[in-house]
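Residue numbers (my numbering): 1 to 535.
Keep in mind that the hints were calculated from the coordinates and are not lab data.
Hints may be right or wrong, so weigh each one.
With a cut-off of at most 25 Å between alpha-carbon atoms, the simulated PhoX-like pairs for lysine-lysine come out as follows [as the list claims (entries may be wrong)]:
id	residue 1	residue 2
1	Lys130	Lys175
2	Lys47	Lys92
3	Lys3	Lys92
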Amino acid sequence: MTKSVLILGAGLMQEPAINAAKKLGFKTFVIDANPNATAVPLADVFKQIDLKDKEEILIYAGELLHNENLCAIFTAGTDFSASVSYAASSLKLPCHDYEAALNASIKPRMRKCFKDAGVPSPEYFSLSQKDYTTQKIDFILESLGFPCVVKPADNMGARGCRMIRSKDEAYKACKIAFENSRTQTIILEEYMEGPEYSIDALVYNGTMTITGFADRHIYYPPYFIETGHTMPTKVESSKKRELIECFARGVKALGLTCGAAKADIKYTKNGPQIGEIAARLSGGYMSGWTFPYSSEINLTEQALLIACGMEPKQLLAKRNILAASNEAFELYEIPSKKVSAERAWISIPGKIKSIEGFENASRVKNVMNVFPRGMKEGDEIDFPRNNVQKCGNIISVNKDYETAVNSSQTACSKMIIRLEPNNQKTEDFLYGVCLDDENGFPPSAYSVFDKVDMLNIEGDIPENTSVLKNLENDLYSLLDTPQKDWNYLTALETARRFDLYMPNHPKMDKKRFWKALLKGGLQAAIYVSDSSADI
1 MTKSVLILGA GLMQEPAINA AKKLGFKTFV IDANPNATAV PLADVFKQID
51 LKDKEEILIY AGELLHNENL CAIFTAGTDF SASVSYAASS LKLPCHDYEA
101 ALNASIKPRM RKCFKDAGVP SPEYFSLSQK DYTTQKIDFI LESLGFPCVV
151 KPADNMGARG CRMIRSKDEA YKACKIAFEN SRTQTIILEE YMEGPEYSID
201 ALVYNGTMTI TGFADRHIYY PPYFIETGHT MPTKVESSKK RELIECFARG
251 VKALGLTCGA AKADIKYTKN GPQIGEIAAR LSGGYMSGWT FPYSSEINLT
301 EQALLIACGM EPKQLLAKRN ILAASNEAFE LYEIPSKKVS AERAWISIPG
351 KIKSIEGFEN ASRVKNVMNV FPRGMKEGDE IDFPRNNVQK CGNIISVNKD
401 YETAVNSSQT ACSKMIIRLE PNNQKTEDFL YGVCLDDENG FPPSAYSVFD
451 KVDMLNIEGD IPENTSVLKN LENDLYSLLD TPQKDWNYLT ALETARRFDL
501 YMPNHPKMDK KRFWKALLKG GLQAAIYVSD SSADI
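Please construct the entire structure, taking both the sequences and the accompanying hints into account.
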């Protein structure tokens with residue numbers, strides 16, 4: 001009888017798991033609360049079940065165990081590794097212990113495990129909605145100091161997570177964090193200063209194999225927006241070893257013993273500190289795309305074999321030992337053979353008029369994937385405050401680090417989200433309107449934006465003329481900055497791109513145009529042109 005697997009989640013991040021299961025010859029049963037999720041058509045059988053409902057998942061998994069020869073329950077890139085362990089452990093299928101999975105899912109429990117085991121992580125306080133008072137928040141803020149961080153106790157994708165830089169920002173930030181928590185519980189913790197990394201691993205038979213180590217690129221405070229990651233890391237080998245050993249200690253402290261583990265970790269002035277460890281493969285295109293591209297090993301397939309109680313032969317054959325022994329695990333690593341760079345493209349606030357550039361982005365050499373996030377004409381759009389509000393992602397591969405990075409960034413620069421003209425949200429952005437608790441956000445595309453009012457810029461840019469040819473010397477000097485914006489273009493490159501994209505444009509107020517370009521890049525420059533046509 002054909003064996004089967006149950007996969008939690010039918011989104012894009014679960015496509016590699018469904019495809020890996022089919023490649024291995026398993027029948028795929030897939031569940032999700034959304035019957036229209038991206039990967040539903042890939043499933044052999046789909047059933048609509050909320051992934052939070054662990055009891056219903058267990059009932060369904062039990063039916064599959066008896067009727068469909070179920071051998072594994074699996075997820076990747078979701079919040080629901082605890083649902084996997086609850087059902088799998090109840091049915092005696094290979095998995096992390098349920099309590100361990102809860103440790104890796106609920107941030108206050110995670111922090112306590114780390115603290116009890118002496119694993120470096122931030123000082124923290126947890127608070128439930130029912131116990132919330134401004135006096136308690138004030139006490140916590142006084143204890144932690146500024147900046148500090150607030151986040152939901154049980155969410156991912158940086159939803160509801162942000163930096164708190166002053167007491168004025170704290171109360172609304174906590175309110176939003178509560179709204180993004182399924183259990184109405186938040187955690188406030190010290191801010192860790194330092195470069196951030198993502199590390200994937202598989203735990204198997206008392207060993208821990210590092211299967212991916214990436215540099216994360218985080219910007220735009222007070223939020224933590226990951227504009228991409230690059231694998232392998234460029235961190236020096238001694239620090240890399242420290243980070244891996246800290247990760248291994250954290251995995252042991254949580255009690256994870258059979259399956260995937262994923263860390264967000266920083267290297268601070270005091271050495272490694274763990275942000276979070278999840279009991280699953282990473283989302284964000286790392287485990288399903290950039291790691292296979294970099295290592296030439298299907299990580300999801302190897303993780304699925306472990307979940308089925310089978311030997312991950314390719315993993316065992318390709319890994320290199322890092323240490324003969326470790327206080328937590330015997331450590332191994334899969335070496336990278338190529339560089340894979342993932343980058344996101346984002347938008348300024350407004351309403352989408354058109355989306356262009358997919359074909360141009362896809363044709364960039366070394367680009368493997370262009371993933372839009374389901375936007376369409378007429379949708380409201382905003383500068384991202386979390387990682388699910390980005391517009392799309394592009395992945396490239398090459399043996400050379402800089403070539404891979406440049407390819408993904410060049411492809412992102414080809415994407416153009418054209419906004420409807422004369423939109424109040426866009427106008428507010430261009431004039432630097434910020435909420436009281438978001439000083440400096442959204443940011444300017446170029447830091448020299450703050451200097452443009454010092455110049456005497458008068459008159460118009462005539463219709464259908466090159467904007468670059470209408471530059472005075474002092475304005476040219478201001479634009480001649482090496483800084484690149486979120487489109488990966490310098491200010492002068494943005495002006496050249498405008499000339500290529502908009503050779504026919506209306507007469508435009510010169511100061512308004514250049515201020516818009518420096519505030520919001522090419523997208524804002526096109527918006528001003530389109531809005532000028534309506535005047």
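- Hinted pair Lys3 and Lys92, Cα distance within 25 Å: holds, 16 Å
- Query: Holds or violated: Lys47 with Lys92, Cα cutoff 25 Å?
  - Reply: Status holds; Cα separation ~22 Å.
- Query: Straight-line Cα separation of Lys130 and Lys175 no greater than 25 Å?
  - Reply: holds, 12 Å
Comparing the model with each earlier hint shows no violations; every hint is respected.
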